[in-house]
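Peer 1: Letter by letter, the chains look like this.
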Amino acid sequence: MENTPILRVENVSKSYNGKAVLKSVSLELNAGQHKVLIGPSGGGKSTLLHCMNYLVTPDSGRIQLDGREVNAHSRKELYAFRQQVGMIFQEFNLFDHLTALDNVAIALRKVKGQSRKEAETRAMAELERVGLADRARHYPAELSGGQKQRVSIARALAMDPKVMLLDEPTSALDPELTGEVVSVIRALARSGMTMAMATHQMEFARALADEILFMQGGEIIERGSPAELLAPGAATRTADFCRRLAEMGGD
Amino acid sequence: METLDFLFGRVMPALNEGVVVSIQLIVPSALLGVFFGIVIGTLRVYGTFGLDTAANAYAALFRGTPLVVQLLFLYYGLPNIGIYLEPYGAAVIGFALCSAAYHSEYIRGGLLATRRGQLLASQALGFSTWQSMLSIIVPQAVRRALPGCGNEIIYLIKYSSLAYIVTCMELTGQGKMIATQTFRFSEVFLAVGAYYLLIVTVATFLLRKLEDRLRIPGFGHA
Amino acid sequence: MQHTLDVLIEAVPFLVGGVGTTLLIVIGGMLLGLVLGVPLAVGQVYGNAVTRRAAGLYVWFFRGIPILVLLFLFYYGLFHLIGLNLGAVAAAILVLGMTSAAYQSQIFRGSILSLSQGQFRAASALGMSNAQAIATIILPQALRLSLPGWSNEYSIMLKDSALVFVLGATEIMARTHFVASREYQHMPLYITAALLYFLLTWAGVRSLRTFERKVAIRGYGRT
Ligand SMILES: Nc1ncnc2c1ncn2[C@@H]1O[C@H](COP(=O)(O)OP(=O)(O)O)[C@@H](O)[C@H]1O
Ligand SMILES: [Mg+2]
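Protein chains in written order, with the working numbering: chain A, 45 to 295; chain B, 442 to 663; chain C, 9 to 231.
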């Protein structure tokens, strides 16, 4: 039992209009593990993460949560699966017509069937956890990018997910706002949450990752610990990619 | 069988006669409407000496009151002050005046969306105000206004049915006459509806073709 | 002149008495259009090939035929055919409502499509069913964005309601026509009716704008 991964992706493939975007990708996330996807834009990171939440249905391959395969044809199973897999989007996707509090509470009420009071209490606790209790009554348009992303993290956490998927959570933010989001994610990692995250922030990746997966052309072409892949002078694609990111003035 | 005989023998000949009148109503009204619409729309944006106010009031008046009231006013109201219009004349004048008000709204929008820089640039090249209007501003504004104006022409096609109310025997009038004589409202008005659907569908297709022909790459998507 | 004034003094209350019927027809028609228009829009955006096609056909039919023809077709024809014997006002509400549904569905459809796909995705990611996502996330936003279009639709329907006099409903227009013909005072009476419609357009558009402000969300809207 110990060794069943929480989320297991096996030979997942996906193409759009005949163009292969994911080519038989496999990976496993064990309890408490943090894996980071890096690689050039268009490499398939977002598509992979979306498949892992069944927001995009793979053409072939298997996805198992806690050792159970999801039957993608059963809507009920699909909805139940997604509840247990939290998703953070690059562009936040807060519900624009709802306050921060309602953004967090809405799925608790509609999906989990909690009472309004129950849901709001929980939502408030999650907002506190990301340091936004004082912004509960604000609408998305009244929040900064960093605050929006923290609300979206609170929204995902409120569903008690077994695993969190984060798709470039800081890429849409002004540089001075990434810090607040990074520290929330770090705290989440320390608390033992299982995570898979795509990012271009190498420092962040290095500090967080148990394993780095380098994706390009729809394949994972390198994988290993940060120490292996990013050792000084390492002749890996990952190290090469990072040097080029650094040259372009990245962090 | 009997229904078919009725449709082909009785209904269609009458409706064919009616559709000719309808088209005779629609085409001049549409042309006059677009023309006056451009004039009024331009006055609303660039008019001076109170002409802009007058043009705005005109548009508000005709857009704020029902077309039936306007038609009845022209046909039954004007005789009160000694002006008598034929049904056909009253209908065409009413349609043209009313749809000019709606067209002016789209022309106005198109003009306002055409950036001020365009006027400055043409004046910098030595165009007179009139020249810049005619060769630079209006061609852009008309393209921007085209979808809205096209829509308005579709509306005009349908509202041309109101000519029946001022006793002009077009498509709807012919239909009403046969239906009343034979008490077969469903068949007759389904047939009338089919005629309008045909005209509207063809007109929509032609207007889309026109839009495609006038399309300039990258223009209007900003 | 004196006669005209006398006629008007007597006629104005009579015409104003038709405002209730006119508003009943317009409000009833708008609400029916809303109730039918929302599923039509949802069917066009989220439906399968069959619902898309069916909704598209409905819209094509009601947008391609003049109101006047639809009024005659349903009131004297189809409603009788299916054994529905309605008064002129009820029939008018049904016909204007069904027609408005076609137009309203296009307004709602545009609003739904203007929302970012991320809204639906985020709802799905939380485990919401498609129906829940549409009901709690998409429609509350789309309907707010539709309010300006809805206000436009109101002023169109108000004007269309003036056609209902051909069925004999005693709304503003029918009353106007009646007095005008009896007294042979068409011009002053049509001007009065025009004013009345003008006022109703203005009042309705204003109330809808107030409503729009009331349900507005801080910082949210078309930018
Ligand atoms: N819905 C879609 N339709 C067509 N092509 C898509 C779609 N989503 C992604 N792609 C393509 O798949 C490739 C991988 O995209 P993505 O997963 O977003 O990469 P990354 O997140 O690594 O930048 C890109 O070439 C992109 O254009
Ligand atoms: Mg991506």
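Check the hints yourself; a few may be wrong.
[Unchecked claim] Dumping the calculated DSS-like pairs for lysine-lysine here, alpha-carbon to alpha-carbon at most 27 Å:
hint, chain 1, residue 1, chain 2, residue 2
1, A, K156, A, K206
2, A, K120, A, K154
3, A, K63, A, K120
4, C, K222, A, K161
5, A, K63, C, K222
6, A, K154, A, K206
Please keep in mind that the hints were generated in silico from the structure rather than gathered at the bench.
Peer 1: Look at each hint and say if it fits the structure.
Peer 2: We went through each hint and held it up to the structure:
At roughly 15 Å between alpha-carbon atoms, K156(A) and K206(A) fall within 27 Å of each other, so this suggested pair holds. Taken as a hint, the K120(A) and K154(A) pair is honoured in the structure, with Cα atoms around 14 Å apart against an allowance of 27 Å. A C-alpha spacing of about 30 Å is found between K63(A) and K120(A), which places the hinted pair above 27 Å, so the restraint is violated. As the CA atoms of K222(C) and K161(A) are separated by approximately 25 Å, the hinted pair is consistent with the 27 Å bound.
About 48 Å separates the Cα atoms of K63(A) and K222(C), which puts this hinted pair outside 27 Å; it is violated. Distance hint between K154(A) and K206(A) is fulfilled; the C-alpha atoms sit about 20 Å from each other, no more than 27 Å.
Violated hints, listed in ascending order, are 3, 5; each of the other numbered hints is respected by the structure.
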